[in-house]
Amino acid sequence: MPFGCLTLGEKKDYNSPSEVTDKYDLGQIVKEEFCEIFRAKDRNTLKMYTCKKFHKKDGRKVRKAAKNEIMILKMIKHHNILQLVDTFETKKEYFLFLELATGREVFDWILDQGYYSERDTSNVMRQVLEAVAYLHSLKIVHRNLKLENLVYFNRLKHSKIVISDFQLAKLENGLIRDPCGTPEYLAPEVVGRQRYGRPVDCWAIGVIMYILLSGNPPFYDDADEDDCDNRDKNLFLKILSGDYEFDSPYWDDISDSAKNLVASLMEVDQDQRLTAQEAIAHEWISGNAASDKNIKDGVCAQIEKNFAKAKWKKAVRVTTLMKRLRASEQGDSAASGLAPGAAADPNTPGVTPAAPAGGGGGGGGLLAAAIKAGLSEKAPDTQTASMSALSLPNAARQEEHQQSRCNGDVPQVLPPRKGD
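Counting in UniProt numbering, the sequence shown runs from 1 upward without gaps.
It cannot be assumed that every hint is accurate.
[As the list claims (entries may be wrong)] Pairs of lysine to aspartate or glutamate, EDC-like flavour, derived with a Cα cap of 20 Å:
| # | residue 1 | residue 2 |
| --- | --- | --- |
| 1 | 61 | 36 |
| 2 | 296 | 112 |
| 3 | 41 | 99 |
[Stated by the list, open to error] Pairwise CB distance ranges, derived in the manner of DEER restraints:
| # | residue 1 | residue 2 | range |
| --- | --- | --- | --- |
| 4 | 36 | 108 | 24 to 34 Å |
| 5 | 74 | 252 | 43 to 53 Å |
| 6 | 12 | 83 | 17 to 27 Å |
| 7 | 61 | 21 | 23 to 33 Å |
Treat the hints as calculated values from the structure; they're not laboratory data.
Glycine included, each C-beta is placed from N, C-alpha and C at the ideal position.
Please work from the sequences and hints to get the whole structure.
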């Protein structure tokens, strides 16, 4: 059997722990919030994989997360998505074995290039859009698309891009309500606690494209670095109103076609937002509209200014509400700050807040009355150290990532709506 003996919802035929260790040599461990990550070597083929191990004793949320990730990954087969290759379930654990991506993250690749243009970005975005269009055809919402989850599969010159981390992915059986994701990539409907679906992934793709073309984030806040609460509130208000711009000089050399695609993906109204399939058909992706002018110097300067603190040795801002979530589970909804019954999913490593890229007005607004309703009370800055699950770097970089990346849930920005 290609997938161990794992069954979902049926009488269990458990694997023994020795079945796992007889087939795979598990080494190099990294501890995450809800699982452990191993480098795994197939003892017969010597091929390397990533192994995620979930402990059932860690609670219902962990068990549910493991089953959900297995269910989603078993549905997926696409060359731009890391594939599930094996699963096991013992009486105490779930084991997921996935392809191991050994290439670099996109930022690292850009910094190493002698020449970088819109066409390079277009190639990256085309692969991401094709993978997301495939997911959306299966009614799967990734819900945590961000640059950290885009990696090159290997270190060959023309390596493909692959999407990783499906811990928050969800089947769109009706619209989704529970808020989750990485703050800087959240769509307005998530921040505004509206029902949402596949369009949230397209918004995140627009944010990714904006960053890759300018080196700046579209949304930021100037609040003091230690003032996480006000910074998050201001960030979310900007997202709600679409308060971003193509500011000079960072966008002076970027084509109008590229700006048009970004704006179409970052449309505040989710019903008017471009779909992944529509974005693939855009002239900047499928035509010849992407410029071949070298923009590396400007983009790299901004990447190093804005994101170096996240990637290279800076304490990361933490926006997790894990303490609130735990308090909510104990019946203390006042401490949690979440609406009764509103689940906040666990999140994969977050992104550091970036420095200013410009300011000013952007497109449209979402539920002006809701914005006027005000912001929630102070959000605690609790944290859980973590790292990217599916692309394991060397030991030295592991330590750095463990110190710099955090899991987080989405703070409640607006008061809960009646009936939540």
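*Please write out, lowest number first, the hints stated earlier that are contradicted by the structure.*
none
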